[in-house]
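There are 2 protein chains.
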Amino acid sequence: MLFSNLKLNNNESIYIQIKNHISSMIDKGLISNNSKLPSTRELSQLLNVSRNSVVLAYEELKSEGIIYSISGKGTFATSQNTVLNIPWNINWDTLENDYSKIANNMDIVKSEIPWRSDLISFKSISPNGELFDMEELKKSFLNRISIEGHKILNYGYAKGYKPLIDYLLEYMNTKGVDTSNKDILITNGFTEGLDLLLSSFVNKGDYIICENPTHNTAIKIFKALGLNIIGININKDGIDFNSLENTLSSLKNKKNVKVKFSYITPSYHNPTGIVMSPENRYRFYNLMKKYNIAIIEDGFNEELLYSSSHIFPMCSLDNLSNGVIYIGSFSKILFPGLRIGWILCDKNIIYKLESVKRCKTIHVSFLDQGILYDYLSNGGFEKYVKKIRKFYGDKFNFAYKCINKYIPNEYILGDGGLHIFIKLKNINSRLLLSKCHEKGVIFMPGDVFYIDNNGYDTLRLGFSRLSFDDIKKGIKIIGETIKELAVEI
Amino acid sequence: MLFSNLKLNNNESIYIQIKNHISSMIDKGLISNNSKLPSTRELSQLLNVSRNSVVLAYEELKSEGIIYSISGKGTFATSQNTVLNIPWNINWDTLENDYSKIANNMDIVKSEIPWRSDLISFKSISPNGELFDMEELKKSFLNRISIEGHKILNYGYAKGYKPLIDYLLEYMNTKGVDTSNKDILITNGFTEGLDLLLSSFVNKGDYIICENPTHNTAIKIFKALGLNIIGININKDGIDFNSLENTLSSLKNKKNVKVKFSYITPSYHNPTGIVMSPENRYRFYNLMKKYNIAIIEDGFNEELLYSSSHIFPMCSLDNLSNGVIYIGSFSKILFPGLRIGWILCDKNIIYKLESVKRCKTIHVSFLDQGILYDYLSNGGFEKYVKKIRKFYGDKFNFAYKCINKYIPNEYILGDGGLHIFIKLKNINSRLLLSKCHEKGVIFMPGDVFYIDNNGYDTLRLGFSRLSFDDIKKGIKIIGETIKELAVEI
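In order, the protein sequence lines correspond to chains A and B.
Per my numbering: the first sequence ends with 489, consecutive numbering throughout.
Per my numbering: the second sequence ends with 489, consecutive numbering throughout.
Bear in mind the hints are in silico, worked out from the structure with no lab data behind them.
Please note: incorrect hints may appear among the correct ones.
Where chains are identical, the list cannot tell them apart; a pair therefore holds if satisfied intra-copy or between any two copies.
To be verified - In silico DSS-like pairs for lysine-lysine, Cα to Cα no more than 25 Å straight-line:
#, residue 1, residue 2
1, Lys223, Lys159
2, Lys123, Lys151
3, Lys223, Lys204
4, Lys386, Lys473
5, Lys151, Lys387
6, Lys395, Lys476
7, Lys138, Lys151
8, Lys110, Lys347
9, Lys255, Lys290
10, Lys255, Lys36
11, Lys260, Lys204
12, Lys123, Lys258
13, Lys435, Lys290
14, Lys386, Lys151
15, Lys123, Lys139
16, Lys36, Lys383
17, Lys390, Lys151
18, Lys162, Lys138
19, Lys36, Lys387
20, Lys36, Lys386
21, Lys258, Lys36
22, Lys260, Lys101
23, Lys258, Lys204
24, Lys101, Lys204
25, Lys476, Lys162
26, Lys62, Lys401
27, Lys110, Lys435
Please construct the entire structure, taking both the sequences and the accompanying hints into account.
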């Protein structure tokens with residue numbers, strides 16, 4: 001291609017025309033520094049000229065230092081291009097929009113203390129990978145590949161891998177959800193589910209109701225999309241329903257306030273760990289129904305409920321209706337690296353979301369969906385859940401006892417799951433964190449979960465990846481540090 | 001949990017209190033239809049009452065038809081709940097925003113003729129899966145799992161899997177890109193790359209320049225984001241540079257016009273199949289530099305270039321600068337089902353995009369990234385590319401000859417790749433499609449690639465998945481149908 005516009009004429013020596021052409025290409029940066037030139041034989045064939053002409057051209061270029069040869073390797077360009085030497089510098093900071101600015105400012109990964117192997121870190125609530133059954137996973141991969149062949153590696157459907165969708169519909173059925181007018185879209189984890197939904201139904205300036213505190217990634221997404229957030233306070237007993245009802249009835253009269261959604265995490269709420277009682281689920285659902293505010297239900301860690309047959313997701317109250325959008329994900333407890341979640345809601349909404357998905361990521365990896373489906377349908381998940389309920393249950397109980405014993409607190413929240421929330425007695429948890437960090441212990445300061453400037457005296461302890469010894473050791477250090485701080489005050 | 005708020009008193013028989021509680025739970029929908037109740041033994045232990053009381057309560061509920069038993073299986077709730085019988089119906093159509101509306105209206109999957117196995121379909125430009133080396137893939141999976149263990153299944157980094165990033169930096173190096181001030185973010189294919197970039201840097205009403213025609217998904221994304229599109233016409237010789245220069249100089253004086261980006265596909269342009277010459281790449285780059293309009297370079301199918309050592313991506317002209325954002329993807333030719341692409345650009349931009357990625361999909365499947373890395377680094381890709389260049393090259397040449405022979409045309413465009421573009425002599429390609437469909441042949445009407453209402457007399461033929469026989473048969477049918485239509489006119 002580089003020689004396609006070289007039209008040789010009879011007015012000049014062939015070798016000079018070739019030499020000038022190459023030299024100008026290098027000048028213009030079309031042949032970059034140290035890139036390889038065609039061999040003299042190749043080029044002579046390409047241009048249909050004698051090989052001698054090319055050899056001669058190359059020799060002159062070499063003598064001028066424009067190209068060089070390495071014996072046995074070939075001939076290469078040397079000079080930096082001249083025209084492009086003036087750099088093109090775009091000021092990307094001024095081009096960045098609000099979405100990106102907020103996403104960057106609120107990205108806690110960029111501000112938090114980096115993990116080090118010698119720290120006892122209570123920050124993570126990701127699952128303990130040592131519990132993953134790698135042999136089952138390998139079997140699932142090989143089995144799925146042998147069933148689907150190369151098809152599973154080619155383009156698939158935006159909605160997802162059909163067998164996985166059917167499995168999940170059935171699975172939601174066992175939770176009391178009548179799926180006859182529902183459908184499922186597979187997403188890249190919970191986060192994409194929330195992004196797809198909000199991208200499709202909200203506009204800048206709309207309102208959203210959520211628990212305060214709540215999942216920090218959700219807050220970040222709300223703010224990045226320019227939503228106004230109405231927080232419902234959570235206290236020891238969970239949602240403050242009186243304040244919620246007052247808020248809702250006062251909003252009803254405000255003309256310019258469009259409350260599009262409420263966002264709620266009924267099981268092992270992040271960060272408080274509270275499991276909402278069936279009565280409160282019912283109450284919340286009916287309140288939202290009364291005010292016609294669609295519910296986004298975050299199915300977070302629901303699978304860890306000890307007796308899942310007796311507690312239902314809120315979407316099971318919505319069987320004949322279309323008011324609840326349930327976002328589920330196994331990846332909070334199983335294979336987070338695969339990034340697979342799902343949205344379950346009314347068929348017509350899924351039909352819309354399918355097209356939005358095609359605008360954003362086309363579809364989720366069919367290989368991953370296939371592997372997960374195989375793993376789930378062969379009973380691997382049930383075995384796994386049984387195992388981790390015990391594993392995390394024991395850790396929870398142990399950590400809870402340690403906190404009770406060693407950490408002076410206003411109250412401790414948590415009904416199980418992978419984390420515990422602590423309200424301190426007027427101790428700044430950021431200050432506490434920096435003191436604990438010096439002693440080799442870190443945790444998640446609670447303020448990141450608040451939509452306002454509250455929570456300065458709260459913290460979340462995740463224990464899923466820590467040993468019993470480290471849990472005890474870490475909690476003792478936090479407790480001692482609090483006592484030191486209390487004395488200072 | 002369902003029984004946690006049942007406080008037994010001494011004023012009433014225990015069994016009546018239990019019965020009323022269950023009955024009210026079912027009424028409220030907290031126990032859904034056909035869901036299982038605890039066994040009498042379980043419940044008596046839970047409530048710390050005699051088993052007889054529970055048996056009695058269950059008997060009465062059964063006699064009232066509120067619950068029923070299946071021998072050996074257990075006891076279940078029957079009644080539909082009464083309170084929730086009034087459905088909650090949200091009108092989601094009125095809640096949908098413009099983004100979703102445009103994404104839905106422009107979703108060609110929803111309007112196009114569905115694929116059937118008895119059709120000869122020239123619609124697809126996805127790779128032929130039979131060429132995938134499944135044994136190599138299996139090896140890569142098993143090898144990566146044995147190296148990384150469970151870590152590759154847990155949370156990873158937004159930027160991507162480090163070995164894959166390093167591999168791709170090196171790979172871009174071989175294309176003449178100096179990566180010293182560049183970085184890479186792994187994305188869910190090209191589409192997410194484009195979405196992340198635009199989501200971070202454009203605002204509704206901004207302008208973007210692109211080839212006309214161009215990739216239909218890109219047009220859809222631009223329109224869904226509310227961008228104004230400035231099309232540069234493409235003719236037989238590629239971009240019309242005169243009209244581009246005129247447009248740019250006239251825009252310069254318009255105060256309210258913010259041209260944020262140009263979007264360009266230099267290799268095997270979709271749909272025309274044109275490969276931009278090095279001279280034109282250079283010319284385009286310098287024009288954009290002159291007007292300070294950042295370039296989004298779509299690396300589409302670049303890997304199919306026969307002599308990739310002699311033609312460079314536009315980003316290799318940008319070595320000392322930050323004006324080009326290159327979006328690459330192997331998935332157009334290899335394992336599209338995995339959805340892996342990458343953005344290569346200035347480090348500071350990647351740093352911003354990382355946070356935006358965390359707002360949208362957290363990260364791309366680490367398992368898939370690991371498998372792909374293993375496959376690439378073991379030389380699987382080089383072998384594969386060699387094989388497919390020959391395979392698709394032969395098909396291209398054959399299809400091109402057939403078109404030349406059988407299809408009356410104004411001109412045919414295509415320099416290789418997986419598709420050929422045809423401009424007909426005033427024949428409406430939608431009409432042609434419907435006639436061909438009756439005869440068992442379908443293709444992609446060209447109008448979907450135009451930002452205006454042009455291209456009504458163009459079509460794109462993809463041949464990657466068709467046999468030589470079907471290519472010939474299908475092209476003959478299209479040719480015959482054109483002749484019939486021409487007679488009718």
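Taking the hints in turn, this is what the structure says about them:
no., hint, result
1, Lys223 <-> Lys159, "between (27 Å within a copy, 22 Å between copies)"
2, Lys123 <-> Lys151, "between (40 Å within a copy, 18 Å between copies)"
3, Lys223 <-> Lys204, "both (9 Å within a copy, 18 Å between copies)"
4, Lys386 <-> Lys473, "neither (28 Å within a copy, 58 Å between copies)"
5, Lys151 <-> Lys387, "between (34 Å within a copy, 19 Å between copies)"
6, Lys395 <-> Lys476, "within (16 Å within a copy, 71 Å between copies)"
7, Lys138 <-> Lys151, "both (19 Å within a copy, 14 Å between copies)"
8, Lys110 <-> Lys347, "between (39 Å within a copy, 15 Å between copies)"
9, Lys255 <-> Lys290, "within (18 Å within a copy, 49 Å between copies)"
10, Lys255 <-> Lys36, "neither (68 Å within a copy, 45 Å between copies)"
11, Lys260 <-> Lys204, "both (11 Å within a copy, 21 Å between copies)"
12, Lys123 <-> Lys258, "neither (36 Å within a copy, 43 Å between copies)"
13, Lys435 <-> Lys290, "neither (48 Å within a copy, 54 Å between copies)"
14, Lys386 <-> Lys151, "between (34 Å within a copy, 22 Å between copies)"
15, Lys123 <-> Lys139, "neither (33 Å within a copy, 36 Å between copies)"
16, Lys36 <-> Lys383, "between (57 Å within a copy, 21 Å between copies)"
17, Lys390 <-> Lys151, "between (39 Å within a copy, 22 Å between copies)"
18, Lys162 <-> Lys138, "both (21 Å within a copy, 23 Å between copies)"
19, Lys36 <-> Lys387, "between (58 Å within a copy, 23 Å between copies)"
20, Lys36 <-> Lys386, "between (60 Å within a copy, 19 Å between copies)"
21, Lys258 <-> Lys36, "neither (62 Å within a copy, 40 Å between copies)"
22, Lys260 <-> Lys101, "both (24 Å within a copy, 17 Å between copies)"
23, Lys258 <-> Lys204, "both (11 Å within a copy, 21 Å between copies)"
24, Lys101 <-> Lys204, "both (15 Å within a copy, 16 Å between copies)"
25, Lys476 <-> Lys162, "neither (50 Å within a copy, 36 Å between copies)"
26, Lys62 <-> Lys401, "neither (78 Å within a copy, 43 Å between copies)"
27, Lys110 <-> Lys435, "within (20 Å within a copy, 58 Å between copies)"
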